[in-house]
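Asks: Residue numbers (the working numbering), protein chains in the order written: chain A, 1 to 255; chain B, 256 to 432.
The set of hints was computed from the structure by calculation and includes no laboratory data. Careful, some of the hints might be misleading.
[What the hints assert, rightly or not] Incomplete in silico selection of chain B near chain A, CB under 10 Å: (1) LEU323; (2) ALA333; (3) ALA341; (4) LYS368; (5) GLU372; (6) ALA390; (7) GLN394; (8) THR408.
[As the list claims (entries may be wrong)] Below, simulated EDC-like cross-link-like pairs (lysine to aspartate or glutamate); rule was C-alpha separation at most 20 Å, straight line: (9) LYS411(B) / GLU163(A); (10) LYS265(B) / GLU159(A); (11) LYS406(B) / ASP149(A); (12) LYS364(B) / ASP22(A); (13) LYS364(B) / ASP122(A); (14) LYS387(B) / ASP250(A); (15) LYS411(B) / GLU159(A); (16) LYS406(B) / ASP29(A); (17) LYS364(B) / GLU221(A); (18) LYS24(A) / GLU294(B); (19) LYS18(A) / ASP122(A); (20) LYS166(A) / GLU405(B); (21) LYS406(B) / GLU163(A); (22) LYS24(A) / ASP346(B); (23) LYS364(B) / ASP51(A); (24) LYS368(B) / ASP122(A); (25) LYS265(B) / ASP120(A); (26) LYS166(A) / GLU372(B); (27) LYS364(B) / ASP12(A); (28) LYS368(B) / GLU157(A); (29) LYS265(B) / ASP149(A); (30) LYS368(B) / GLU153(A); (31) LYS368(B) / ASP22(A); (32) LYS387(B) / GLU251(A); (33) LYS411(B) / GLU251(A); (34) LYS24(A) / GLU405(B); (35) LYS24(A) / ASP357(B); (36) LYS364(B) / GLU159(A); (37) LYS411(B) / GLU153(A).
For every residue, glycine included, the Cβ atom is placed at its ideal position computed from N, Cα and C.
Letter by letter, the chains look like this.
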Amino acid sequence: MKILIPLKQVPDSTVRVKVAPDGKSIATDGITWSISPYDEYAIEMALERKDADPSTVVVVVTVGPARSRDALRQALAMGCDEASLVTADNAAPLAVARALAKVIEEAKPDLVLCGKQASDDDQGFVGPALAETLGWPHVATITKVVPQDGGVELWREVEGGHEVWKAPLPALATVHKSEKEPRYPSLPGIMKAKKKEIPERALSALGVDASGPTWTVVSMEPPPVRGGGKILKDGDAKQIAQQLATALRDEAKVL
Amino acid sequence: MKTLVVAERKGTDLRRVTLEISAKARELGEATVVEIAGERYSALPFVSALAKKVESEKPDLVLLGATLNGRDLGARLAARLGRAYAADVTDIRVAGNALELDKPMYAGKVRAKLRLELPAVVSVRPGAMPLKEGAEAPQVEKIDADASAEKLTFVKLAATATATKRVSLSGWVRRVP
């Protein structure tokens with residue numbers, strides 16, 4: 001089986017994201033960039049398939065600025081077989097989906113796995129949009145893939161359990177979690193990855209226009225400063241529970 | 256502005272987020288609320304049915320709750336229709352021929368104000384637009400999922416053993432004085 005994972009390079013989760021002086025973007029000077037966490041789960045899921053069946057080929061691709069190459073190198077170091085880059089600056093989301101579709105038409109994978117959403121914009125758009133552009137069926141937020149005769153079984157996590165779906169190939173799934181935590185690149189993996197060629201093409205070379213429906217950022221602000229905590233201690237357990245429930249509903253608005 | 260709201264149920268009741276976004280849609284202008292009837296959610300049959308409804312209603316905005324299914328349906332629908340898309344927003348205002356949206360980004364480390372040109376598809380974070388006292392329940396129109404569009408086969412529902420031990424909080428809203 002050939003599995004292709006489109007990944008996105010995003011600010012690392014440890015970065016203290018700050019708004020840039022223009023007030024409309026985040027400050028990116030000197031920050032650490034990484035593979036978006038849910039894409040890492042998708043890569044791990046594919047590599048677990050490869051562990052189970054060594055004939056599996058795992059390919060990663062990204063559509064993004066030149067620095068995204070580092071994220072591809074990271075994926076190769078984890079154990080992916082091939083990587084390629086489509087360079088684009090500020091391509092609209094639908095343009096990203098169209099570019100990926102072109103790469104997929106050439107690469108002909110059996111299965112495409114995407115992280116369910118990227119940790120920068122939390123949109124979760126490209127996975128379903130890619131399936132739509134390809135005309136493939138898709139299942140979102142899976143935690144398990146099991147090859148079957150004539151297709152794959154996709155386990156989708158829902159409230160209270162899993163929906164199990166069978167998809168004919170080729171198919172696309174967005175990943176919520178892999179069985180194990182994403183593996184760290186091994187030293188041999190890192191060395192091997194350094195030597196691998198990562199072919200690069202511009203978006204325009206694929207015949208895809210970078211424009212498309214998207215938003216414009218009006219402003220970006222840090223979150224409001226947190227207020228102090230509150231200690232509930234008047235009354236017995238039942239009364240305190242009552243106060244807590246009321247506060248959760250009326251003040252925190254989470255019930 | 257004309258909004259098509261996609262309703263969701265939990266069991267037999269409309270989800271609270273459906274009530275929240277229906278109220279918001281009415282605040283923004285004209286609103287139609289539809290529910291896609293089908294045994295369970297699946298992208299292709301739901302997108303197909305919804306796309307047909309959008310074609311006949313021509314809403315400026317399609318509004319969904321940013322639930323597990325809402326996020327998936329909204330995304331694929333936006334791609335099918337070639338509409339601008341924003342997920343998990345916390346507020347919506349009309350700004351001429353566009354919407355101004357509040358959206359948390361970078362795992363909540365940034366609050367963004369975005370401008371999204373109409374026509375658009377937007378999903379709303381549950382609880383972000385709390386219902387006001389005495390908010391009317393919406394009239395919901397049922398449309399059938401397009402089963403002919405399906406390419407998947409549903410195998411089974413595998414329940415998680417631990418799920419049955421959880422205390423459901425869904426009844427608490429009414430019980431809290």
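Asks: Give a verdict on every hint.
Replies: Hint-by-hint comparison with the structure:
no.: 1; hint: LEU323; in the structure: holds, 6 Å
no.: 2; hint: ALA333; in the structure: holds, 7 Å
no.: 3; hint: ALA341; in the structure: holds, 6 Å
no.: 4; hint: LYS368; in the structure: holds, 4 Å
no.: 5; hint: GLU372; in the structure: holds, 7 Å
no.: 6; hint: ALA390; in the structure: violated, 15 Å
no.: 7; hint: GLN394; in the structure: violated, 27 Å
no.: 8; hint: THR408; in the structure: holds, 4 Å
no.: 9; hint: LYS411(B) / GLU163(A); in the structure: holds, 6 Å
no.: 10; hint: LYS265(B) / GLU159(A); in the structure: holds, 11 Å
no.: 11; hint: LYS406(B) / ASP149(A); in the structure: holds, 16 Å
no.: 12; hint: LYS364(B) / ASP22(A); in the structure: holds, 17 Å
no.: 13; hint: LYS364(B) / ASP122(A); in the structure: holds, 12 Å
no.: 14; hint: LYS387(B) / ASP250(A); in the structure: holds, 12 Å
no.: 15; hint: LYS411(B) / GLU159(A); in the structure: holds, 14 Å
no.: 16; hint: LYS406(B) / ASP29(A); in the structure: violated, 46 Å
no.: 17; hint: LYS364(B) / GLU221(A); in the structure: holds, 9 Å
no.: 18; hint: LYS24(A) / GLU294(B); in the structure: violated, 44 Å
no.: 19; hint: LYS18(A) / ASP122(A); in the structure: holds, 17 Å
no.: 20; hint: LYS166(A) / GLU405(B); in the structure: holds, 11 Å
no.: 21; hint: LYS406(B) / GLU163(A); in the structure: holds, 16 Å
no.: 22; hint: LYS24(A) / ASP346(B); in the structure: holds, 18 Å
no.: 23; hint: LYS364(B) / ASP51(A); in the structure: violated, 37 Å
no.: 24; hint: LYS368(B) / ASP122(A); in the structure: holds, 15 Å
no.: 25; hint: LYS265(B) / ASP120(A); in the structure: violated, 30 Å
no.: 26; hint: LYS166(A) / GLU372(B); in the structure: violated, 37 Å
no.: 27; hint: LYS364(B) / ASP12(A); in the structure: holds, 13 Å
no.: 28; hint: LYS368(B) / GLU157(A); in the structure: violated, 31 Å
no.: 29; hint: LYS265(B) / ASP149(A); in the structure: violated, 34 Å
no.: 30; hint: LYS368(B) / GLU153(A); in the structure: violated, 40 Å
no.: 31; hint: LYS368(B) / ASP22(A); in the structure: holds, 14 Å
no.: 32; hint: LYS387(B) / GLU251(A); in the structure: holds, 14 Å
no.: 33; hint: LYS411(B) / GLU251(A); in the structure: violated, 40 Å
no.: 34; hint: LYS24(A) / GLU405(B); in the structure: violated, 41 Å
no.: 35; hint: LYS24(A) / ASP357(B); in the structure: holds, 13 Å
no.: 36; hint: LYS364(B) / GLU159(A); in the structure: violated, 27 Å
no.: 37; hint: LYS411(B) / GLU153(A); in the structure: holds, 11 Å
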